[in-house]
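Chain by chain, the residues:
Protein chains: 2
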Amino acid sequence: MKGVKVPGFQFAGVACGIKKSKKKDLALIFSERPATAAALFTTNRLRAGSVVVGMRHVRRGRIQAVVIASGNANACTGKRGIRDAEAMCRETARRLGIDLSLVLPSATGIVGVPLPIERVKEGIARAAVLLSPDSLQQAAEAILTTDRFVKVSAASCSIQGRRVLVAGMVKGAGMIAPKMATMLAYLMTDSAVGPGCLRAILRRAADATFNAVTVDGDTSTNDTVLFLANGAAGNAPIRSGTKEEKALFAAAHKVMKELALKLVEDGEGTTKVVEIRVEGARSVSDARKVAFSVANSKLVKTAFYGEDPNFGRIMVAIGYAGVAVNPDKIDVSFDGVKVVRNGVGLPANERQAAKVLRRHSFKVRIQLRQGSASTSVWTSDLSHEYVRINSAYRT
Amino acid sequence: MKGVKVPGFQFAGVACGIKKSKKKDLALIFSERPATAAALFTTNRLRAGSVVVGMRHVRRGRIQAVVIASGNANACTGKRGIRDAEAMCRETARRLGIDLSLVLPSATGIVGVPLPIERVKEGIARAAVLLSPDSLQQAAEAILTTDRFVKVSAASCSIQGRRVLVAGMVKGAGMIAPKMATMLAYLMTDSAVGPGCLRAILRRAADATFNAVTVDGDTSTNDTVLFLANGAAGNAPIRSGTKEEKALFAAAHKVMKELALKLVEDGEGTTKVVEIRVEGARSVSDARKVAFSVANSKLVKTAFYGEDPNFGRIMVAIGYAGVAVNPDKIDVSFDGVKVVRNGVGLPANERQAAKVLRRHSFKVRIQLRQGSASTSVWTSDLSHEYVRINSAYRT
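Chains F and Z, in that order, give the protein sequences. Under this note's numbering, the first residue of the first sequence carries the number 8, and numbering increases by one thereafter. Under this note's numbering, the first residue of the second sequence carries the number 8, and numbering increases by one thereafter.
Treat the hints loosely; a few may be bogus.
[Stated by the list, open to error] Here are a few chain Z residues that sit away from chain F, every Cβ distance over 10 angstroms (derived from the structure):
1) Arg54
2) Gln145
3) Ser165
4) His260
5) Asp342
6) Val344
7) Asn397
[What the hints assert, rightly or not] Once the Cα atoms are required to be at most 30 angstroms apart in a straight line, the calculated DSS-like pairs of lysine-lysine come out as:
8) Z/Lys86 with F/Lys370
9) Z/Lys362 with F/Lys27
10) F/Lys362 with F/Lys345
11) F/Lys86 with Z/Lys336
12) F/Lys86 with Z/Lys345
13) Z/Lys296 with F/Lys296
14) F/Lys345 with Z/Lys86
15) Z/Lys86 with F/Lys296
Everything labelled a hint here was simulated from the structure, so no lab data went into it. Source: prediction; values computed, not measured. All C-beta atoms in this analysis are idealised placements derived from N, C-alpha and C, irrespective of residue type, glycine included.
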């Protein structure tokens, strides 16, 4: 992934002193021409200053630059938070010679402490001169907080005979961690895409990927997923309902799924990545409720960590999901080893199931036998390391 | 509490071999006359056999004996679970010479493994001959699973010039733990109480106590709260809307609140007991949503464990509670030390707030300033010990 270049996009990542560790903490993404933009933001009622400003700027559907501060979430900082996010945009616009409203700001990190805005501005100035098509990796590094590794992914597809690329970067770890966190994801493509089509692709792919993973069940104040399409490939803009839309969706979905799984893999204290597959639900909404009830249960997650095939906890979490299931019809299996049949535990298979749980990654399949809707979500285990990371005092 | 006696009630607790540890694992409660009974059961769709049978037996509002097995939840055991719960009632009825339908069965412990019903029946036979007014403590011990201590409480009040007693016992720890769990609570009074009045008192007091505590946010398949009123005091049955109802409610509430706080205190891995107080909500339902969102957040709970006054995580959990709050109006304080004013963090007070968090018990007060409804819930922290207990393999 190191050499990923997306035609017409440039990147930079620098250290400007937001993080005490002196690690990179300021990233820029620049599109050589204004890009069609679609974005999804946190559903948390408490919105960071950057989110408030970002929502306003993306409304017209065109973005040319993204400026991301890491180490400070610029949340719970009142009116000053909004002023600081605007100042980030203004400095970026000035250094790049573009319009203020074409800049989208993001921030991730500690909550309740004002941004060191002078340092951030100085960082923007330095990053602006370092912008390069080769620096996606540096930008992806600069957006990290408690993450253990850089998360970048890319896929290509053919549009009107042209090869176009979709690339993305993400940071995650915990939804809002002591020394920071939040999910931020940025997708770029050189394809031209109609604004409605881009929004539809983003919404649908995000539902099946970023909205289907959970580490701690918390929702940050800063979550942002942005998709930029700059048209450098020279194709006619892709419209909804065409085979080109299908091709681009497949590429975007592949990139976002890879990034989402890397998010779980890099979740705070993660030692396991587990797919919770729910089948036979009356609706996708029911399937999601059941899947997330299991995926977020502290008792299920500690059992995964302990490599304990504790189907009882899974049944209990299904039972309180708020869906009218019929327990007597439910089957549960771990990578094909059945542990519950018709709602009754199969202790004879436990030894076999325990072997599955020793794997780094496995699938819990829950068959409700009530309908034909199904879904998958991905979760991590709950480990000592999670408690260590999140109980450590912030200093 | 050791000497608590409730006129007209007898108790026993024995070891019959459900638990490998040879600790007490079978309890009996016997009322010398059939008692008026009110009960609340788990809202989990997956109901243990004992709950299914117990719901049926309590429907007529009269119970004379309770038989409780600990070490095995008799859940996820299909039709056999119901047959085993019926067999527990039959054996108890036979040994005590009462009608089968006057017996309420309970179970708590490991899920998915059939009850060793012959041992349980043998235990019932032995417990029946040991019944004594002095043995509440033994019964309270026999219902425990991963609990660290016996939880009993009592209060008295005056009804028509007579002193009547309300006493209770509870077990908890985690909602459904590896080596077991569930919340089971049994309240007894010698007062006579009309059935409607008893149900109303139980419902209202439970909402403010047992339904306002959380350890891990999971809901067991076996949760049961039972209130028995045997009228041994000789008073005329208490009716709704009278001053006697108020007096009995106050005593029952006091007992249930004490037991509920002991539940949190004895929660798996608990090192802190924290009251989450939400004020100024538009409705009690809104206040509860906000309070439980904060009380169940893994990030808030790990911060409590780390003694970190991380108001950011509290604000974030308020923000995703699903209530239309206005973040700019919110104040948050720890035992009177304000850490958020009008939605903005007060880093200057953090040192003072950190001192509060070193206490074993403290209150987080959240003022929403949207209305006049308020509520309190009580939660524990999330510690290394919690992960250790719940990730240990069950064998």
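Here's how the hints hold up against the structure:
Against the 10 angstroms criterion, Z/Arg54 falls within the reach of chain F, whose nearest CB is about 8 angstroms from its own CB. The Cβ of Z/Gln145 sits about 28 angstroms from the closest Cβ of chain F, beyond the 10 angstroms cut-off, so the non-interface label holds. Chain F leaves Z/Ser165 outside its interface by the beta-carbon criterion, the shortest separation being 41 angstroms against a cut-off of 10 angstroms. Interface exclusion of Z/His260 from chain F stands, the closest Cβ pair being 26 angstroms apart, more than 10 angstroms.
Annotated as non-interface, Z/Asp342 keeps its C-beta farther than 10 angstroms from every C-beta of chain F; the closest such distance is 18 angstroms. Separation of Z/Val344 from chain F is adequate, the least Cβ-Cβ distance of about 14 angstroms exceeding the 10 angstroms criterion. For Z/Asn397, the requirement that its beta carbon stay farther than 10 angstroms from each beta carbon of chain F is not met, with the minimum near 4 angstroms. For the proposed pair Z/Lys86 and F/Lys370, the alpha carbon gap of about 28 angstroms is at most 30 angstroms, so the pair holds.
For the hint pairing Z/Lys362 with F/Lys27, the CA-to-CA distance comes to about 25 angstroms; that is within 30 angstroms, so the pair holds. Annotation: proposed proximity of F/Lys362 to F/Lys345 holds, straight-line Cα distance about 13 angstroms (limit 30 angstroms). Between F/Lys86 and Z/Lys336, the direct Cα distance comes to roughly 13 angstroms. Compliance with the 30 angstroms bound is thereby established for this hinted pair. For the proposed pair F/Lys86 and Z/Lys345, the alpha carbon gap of about 19 angstroms is at most 30 angstroms, so the pair holds.
A C-alpha spacing of about 18 angstroms is found between Z/Lys296 and F/Lys296, which places the hinted pair at or below 30 angstroms, so the restraint holds. Using a Cα cut-off of 30 angstroms, the hinted pair F/Lys345 and Z/Lys86 holds, with the two alpha carbons roughly 19 angstroms apart. With a C-alpha separation of about 27 angstroms, the suggested pairing of Z/Lys86 with F/Lys296 holds against the 30 angstroms cut-off.
Hints 1 and 7 from the earlier list are contradicted by this structure; the remaining hints agree with it.
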